[in-house]
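Number of protein chains: 4
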Amino acid sequence: MGNTFGHLFRITTFGESHGGAVGVVIDGCPPQIEITPEEIQVELDRRRPGQSKITTPRKEADRCEILSGVFQGKTLGTPISIMVRNKDTRPQDYSEMATTYRPSHADATYDSKYGFRNYQGGGRSSARETIGRVAAGAIAKKILQQYAGVEIIGYVKRIQDIESVIDPDTVTLEQVESNIVRCPDAEAAQHMIDRIEQIRDQGDSIGGVVECVARRVPKGLGSPVFDKLEADLAKGVMSLPASKGFELGSGFAGTLLTGSQHNDEYYTDETGNWRTRTNRSGGTQGGITNGENIIIRAAFKPTATIRKAQNTVTNDGTATVLAARGRHDPCVLPRAVPMVEAMMALVLCDHLLRHHGQCRLFS
Amino acid sequence: MGNTFGHLFRITTFGESHGGAVGVVIDGCPPQIEITPEEIQVELDRRRPGQSKITTPRKEADRCEILSGVFQGKTLGTPISIMVRNKDTRPQDYSEMATTYRPSHADATYDSKYGFRNYQGGGRSSARETIGRVAAGAIAKKILQQYAGVEIIGYVKRIQDIESVIDPDTVTLEQVESNIVRCPDAEAAQHMIDRIEQIRDQGDSIGGVVECVARRVPKGLGSPVFDKLEADLAKGVMSLPASKGFELGSGFAGTLLTGSQHNDEYYTDETGNWRTRTNRSGGTQGGITNGENIIIRAAFKPTATIRKAQNTVTNDGTATVLAARGRHDPCVLPRAVPMVEAMMALVLCDHLLRHHGQCRLFS
Amino acid sequence: MGNTFGHLFRITTFGESHGGAVGVVIDGCPPQIEITPEEIQVELDRRRPGQSKITTPRKEADRCEILSGVFQGKTLGTPISIMVRNKDTRPQDYSEMATTYRPSHADATYDSKYGFRNYQGGGRSSARETIGRVAAGAIAKKILQQYAGVEIIGYVKRIQDIESVIDPDTVTLEQVESNIVRCPDAEAAQHMIDRIEQIRDQGDSIGGVVECVARRVPKGLGSPVFDKLEADLAKGVMSLPASKGFELGSGFAGTLLTGSQHNDEYYTDETGNWRTRTNRSGGTQGGITNGENIIIRAAFKPTATIRKAQNTVTNDGTATVLAARGRHDPCVLPRAVPMVEAMMALVLCDHLLRHHGQCRLFS
Amino acid sequence: MGNTFGHLFRITTFGESHGGAVGVVIDGCPPQIEITPEEIQVELDRRRPGQSKITTPRKEADRCEILSGVFQGKTLGTPISIMVRNKDTRPQDYSEMATTYRPSHADATYDSKYGFRNYQGGGRSSARETIGRVAAGAIAKKILQQYAGVEIIGYVKRIQDIESVIDPDTVTLEQVESNIVRCPDAEAAQHMIDRIEQIRDQGDSIGGVVECVARRVPKGLGSPVFDKLEADLAKGVMSLPASKGFELGSGFAGTLLTGSQHNDEYYTDETGNWRTRTNRSGGTQGGITNGENIIIRAAFKPTATIRKAQNTVTNDGTATVLAARGRHDPCVLPRAVPMVEAMMALVLCDHLLRHHGQCRLFS
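Residue numbers (the numbering used here), protein chains in the order written: chain A, 1 to 363; chain B, 1 to 363; chain C, 1 to 363; chain D, 1 to 363.
Each hint should be verified, as a subset may be incorrect.
Identical copies go unnamed one by one, so any copy, or any two together, can satisfy a pair.
[As the list claims (entries may be wrong)] Derived EDC-like pairs (lysine to aspartate or glutamate); straight-line CA-CA distance at most 16 Å:
{"no.": "1", "residue 1": "Lys308", "residue 2": "Asp194"}
{"no.": "2", "residue 1": "Lys74", "residue 2": "Asp111"}
{"no.": "3", "residue 1": "Lys87", "residue 2": "Asp194"}
{"no.": "4", "residue 1": "Lys74", "residue 2": "Glu34"}
{"no.": "5", "residue 1": "Lys219", "residue 2": "Asp111"}
{"no.": "6", "residue 1": "Lys59", "residue 2": "Glu39"}
{"no.": "7", "residue 1": "Lys59", "residue 2": "Asp161"}
The set of hints was computed from the structure by calculation and includes no laboratory data.
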């Protein structure tokens with residue numbers, strides 16, 4: 001229990017990293033949305049391993065299949081089930097994992113909670129679990145785009161201490177996808193790629209910050225007090241593997257300002273709508289969207305799996321030393337970008353439906 | 001919709017800042033827990049306005065009444081309803097608010113969403129809404145304490161740029177309550193108090209960071225993948241008024257480390273239990289508690305209400321200038337401490353019950 | 001946990017029969033609905049004890065107070081909390097109940113589940129719990145009426161073996177309220193009243209069937225497959241105290257027909273809408289409303305509390321004999337009518353909002 | 001939205017009758033339960049078409065595949081996804097259905113709600129949707145059996161007016177499965193089979209009543225007031241295709257008795273436990289199990305699909321006449337038995353986990 005997200009646009013993901021399949025059931029999707037497996041595949045391809053020299057070289061095609069909920073290329077309003085088969089497991093790669101707890105992985109805590117786990121890979125705690133989220137996010141994005149032209153664009157804002165300069169109000173998907181690290185600041189991007197390769201060659205790993213913006217979001221979305229938009233966004237982001245922090249708008253840095261510096265003054269624009277001159281709020285006030293761009297940031301820790309030797313214990317308490325073999329991401333950030341976008345799309349789509357109902361969105 | 005939090009230990013809060021009452025219904029509380037209004041009042045008194053010279057001078061006694069769910073001093077296992085009456089409203093203080101949107105407040109977004117709002121104060125977006133959370137948190141704390149000796153201690157970690165030095169592993173409630181700013185680092189505390197008074201006298205406001213630790217939490221709590229413990233903590237914290245950021249363990253700073261620096265190595269302690277030597281994870285791995293201290297941080301923006309004049313608009317789009325009158329907190333941090341503690345207690349208690357069921361916690 | 005009903009129009013009830021108060025929090029109510037305590041009181045007065053010679057003579061005024069969510073006579077879109085104070089308990093009346101299990105009451109099962117109960121009356125299993133439902137139902141009725149002129153009318157269809165003849169398509173509230181048994185068939189009503197008085201004088205009790213119709217319900221409400229309209233109606237009705245059965249449309253009797261006798265043939269009416277010539281379906285097909293009248297029936301068992309002596313046991317297992325003292329309903333049916341109406345209104349309103357969203361119902 | 005059932009043992013079903021697959025995701029299943037596809041298949045085979053001469057002659061193997069949540073033959077505590085592929089569609093059989101509304105089917109209401117439907121068969125309103133329920137029910141049954149030896153046995157109680165005599169306290173699965181109509185009263189069973197064949201040959205259909213008993217259920221399950229055990233059972237049963245009524249214990253017939261006749265007197269058995277001498281309550285009091293057998297009945301209408309010609313309309317309002325071709329069940333009752341059992345198992349398992357938590361059921 002805990003594998004369902006959303007209230008009206010509601011997804012349930014399933015699947016371990018090895019054995020069978022991973023996937024998602026989307027319940028509450030409005031009817032008559034045109035969607036193809038190819039559109040979903042575009043997002044899955046941004047997430048999948050082996051896409052560049054700075055991600056894990058594991059080759060997984062991750063081809064999705066739509067099992068239900070779509071007929072003649074359009075959604076039915078019924079549950080959409082999407083599945084991606086796992087490749088054949090290679091248990092020999094994972095024999096050590098049956099007994100040895102990898103530091104800062106979830107092996108030990110899963111054993112503690114369930115008394116049993118699929119030790120062929122990370123099981124349910126693997127980032128592979130996010131395939132279902134990204135697939136569902138592709139549909140959510142389409143609904144948002146179709147309803148109000150909403151654009152959701154994520155990018156790598158920082159890798160370790162390499163900060164980029166990006167304008168969330170104007171950044172484009174093309175800029176993001178123009179390099180393999182998904183940082184639309186070309187100069188910073190090159191530094192990031194160099195750093196990741198250097199760290200990888202050392203058998204180590206690094207983390208960083210993903211920023212994500214949603215533009216053209218209608219006013220009025222969010223359900224105070226517990227389902228404030230930023231609360232649901234925080235939950236979505238902090239449920240992603242390796243996330244350690246979440247910010248909206250000014251975030252932690254905003255605490256250094258005074259109220260008179262931080263407040264967003266209102267004005268009336270040429271169309272008669274109220275707007276704010278600045279956007280330290282990050283697109284919501286009191287948990288409800290104010291029509292300005294929604295800007296969030298997510299901190300991802302350095303990948304836990306490293307080739308460097310580490311002290312640890314086995315499940316019977318014996319001290320041992322572990323050095324990861326196999327193929328791993330030295331930095332999850334480039335692949336985390338579509339995950340953060342997906343969570344933002346899912347939250348926005350859910351609140352859009354809360355506002356409008358499942359079936360009357362476009363009428 | 002959106003005023004319920006938790007899955008098995010589930011609270012629903014109600015109430016605007018003016019008119020009638022604020023309160024909470026707690027559904028799913030285990031039976032036979034001893035609880036008195038006085039114990040709840042202790043926490044409410046830490047939250048209430050007028051408690052010191054650096055909070056708003058508004059005097060509100062905020063006396064709670066238990067309406068249901070408790071019999072002969074013990075919980076029944078049925079819904080516990082707790083109510084605090086609002087004091088008489090003074091509409092004349094708020095007439096301007098009926099039409100003028102306060103910058104970085106939720107007046108405009110509530111109007112946008114609902115087309116109507118209680119303009120006598122912040123209505124539902126007022127921090128007064130948190131009374132129900134803090135009351136429920138008092139009961140959650142008691143259950144956690146009784147079940148496993150869990151201690152939850154929050155404190156002000158930083159005010160604007162005044163950083164304190166506090167050891168979350170040893171800090172005590174007494175130390176926290178030893179000064180009015182709730183910062184257990186005495187020297188930093190004095191700087192903070194001075195800064196708050198100075199800012200207040202300028203008619204401005206400031207923010208900062210609350211840190212909160214939970215100690216002696218059993219291993220195994222948290223429900224991946226969406227209801228990971230940190231995801232629910234993030235949602236709880238980011239649903240508090242004025243929160244802009246959330247971190248667990250190493251948080252954003254952890255992104256500057258490499259994996260070999262960041263990973264928490266395991267060892268076996270004298271009782272045969274696995275432990276981690278460091279705690280950059282902040283008490284969870286893969287969304288499940290690992291028995292180490294849970295450490296979170298919450299960023300709170302500077303209070304939106306300031307006496308300084310600001311540009312804004314009215315609900316008919318007319319430009320105007322607003323300078324708050326009345327009595328306001330120059331800094332919400334001291335009063336936010338019990339709110340963050342409450343959210344942490346509610347999340348932990350919910351996951352404790354998911355693990356053990358409502359009725360068999362103590363059997 | 002288990003005291004919340006509904007998904008978008010969501011109520012949480014609280015309160016035991018004695019001590020404190022009973023009430024409800026309604027979350028998700030659309031904004032700008034005009035509602036007064038008096039309108040709610042009308043429904044509560046139909047439910048309250050002491051309203052006629054065939055209900056319990058206990059006098060309880062059951063005056064409701066709206067604590068939140070309404071401002072200047074209109075809903076805010078925020079949680080509406082409604083409370084009714086319990087009268088002073090008279091513990092001496094209930095001392096025997098602390099230890100003796102009343103046959104076919106919930107004393108024993110509550111003890112079994114919670115290990116503890118409020119023995120001053122039925123506690124949470126008392127029909128007094130339905131006050132919150134009826135209060136919330138009053139608001140739901142108003143929304144439905146305002147949105148589409150929906151009328152919900154319940155009545156006593158049968159008392160024991162006294163069957164009435166009533167046309168659900170034309171019956172009026174005035175007819176229902178024209179006699180104290182709430183049976184709009186005047187001749188049957190008199191027989192029912194006589195029977196109830198006779199049974200009451202014998203120290204015994206009787207049950208019967210309530211029928212309830214909803215007219216002018218829009219097509220398209222209901223969320224297959226689990227939240228089919230009839231599934232939610234069944235849950236609502238079967239959660240009422242003393243209910244033992246639920247039917248929609250043809251119900252159990254429909255199983256005696258063949259398909260060709262039972263099917264509702266379609267035709268096109270003068271406005272071009274599809275309709276059904278008969279209504280054995282009872283207003284839904286596949287869990288979705290078809291625009292025909294929704295007709296349900298609920299079976300209520302004879303009141304468990306009787307003056308006749310019965311064998312039972314105490315909580316320590318000792319055999320004993322119990323004869324109820326005090327004031328009790330010889331037949332719950334007349335007071336159950338507003339409860340069934342309330343559950344139907346709550347279900348319909350919830351599904352109306354699922355279809356249209358909370359805030360755009362009237363725009 | 002509406003395709004999830006249960007709170008802690010929570011299932012989400014997906015799939016239309018044609019195209020892709022049908023299936024279920026089970027979230028919250030306790031870990032370390034041994035389960036094989038073969039065990040699930042046993043239940044699916046009781047549900048599948050083509051199993052006897054009185055069911056539809058459509059041949060569907062309905063082989064299930066477990067996609068996730070099971071490792072080395074045991075549950076992981078993570079979501080269990082089970083899928084059954086649909087056979088190749090034969091669109092030519094269904095061309096008429098694209099435009100013509102079948103009487104008492106959900107074609108018209110789905111069109112009304114979603115504006116679009118999969119007209120190749122019943123889509124989501126097909127009984128094929130129950131495959132996921134029955135698969136999940138197989139696991140729920142196993143948990144209940146393993147936890148407390150709970151037995152759940154359903155059977156056909158009545159077909160049209162052919163009533164059987166069956167003792168719910170002693171009936172066995174073997175007796176139920178001893179004939180193709182699943183009525184353990186051999187003489188009545190033969191009458192039922194004859195009647196079904198006769199009606200089938202007339203191109204018509206019939207309905208009836210399924211009764212289902214759960215034995216050895218622990219005391220204390222059920223979550224008043226809305227999630228009373230009978231309320232959740234009613235919802236489960238009334239969400240099944242073709243169901244029109246639900247009863248617990250004495251049901252509608254109980255309304256003919258007086259309280260003194262209906263009440264279940266308590267006694268203390270040889271082991272010191274309180275029991276009831278009769279069981280008109282049907283195994284619950286106040287919504288909580290009392291340890292007696294839980295007995296429910298479900299009314300199923302005659303199958304809507306018949307070969308006899310019926311008047312209807314097309315989706316553009318044109319009057320037409322429809323006579324079903326293809327292969328259909330003349331009576332759903334024999335195949336409904338495992339469906340009712342599954343819903344009862346799911347409800348009981350959910351409430352068992354609410355009581356005990358997901359992970360500590362067997363510790």
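Now the hints, each set against the structure:
For the homomeric pair Lys308 and Asp194, neither the shortest alpha-carbon distance inside one copy (20 Å) nor that between copies (48 Å) is at most 16 Å. Taking the closest pair of Cα atoms, Lys74 and Asp111 come within 16 Å of each other only across two copies (14 Å); inside a single copy the shortest separation is 42 Å, beyond that limit. Proximity of Lys87 and Asp194 under a CA criterion of 16 Å is satisfied in neither setting, with 31 Å inside one chain copy and 52 Å between copies. Taking the shortest Cα distances, Lys74 and Glu34 sit within 16 Å of each other inside one copy (4 Å), while across copies they are farther apart (39 Å).
Proximity of Lys219 and Asp111 under a CA criterion of 16 Å is satisfied inter-copy only: 10 Å between copies versus 45 Å inside one chain copy. In the homo-oligomer, the alpha carbons of Lys59 and Glu39 never lie at most 16 Å apart, since the shortest distance is 21 Å inside one protomer and 35 Å across protomers. When the C-alpha separation of Lys59 and Asp161 is checked against a cutoff of 16 Å, the pair qualifies neither within a copy, at 30 Å, nor between copies, at 47 Å.
Figure legend: structure checked against the earlier numbered hints; hints not met, in rising order: 1, 3, 6 and 7.
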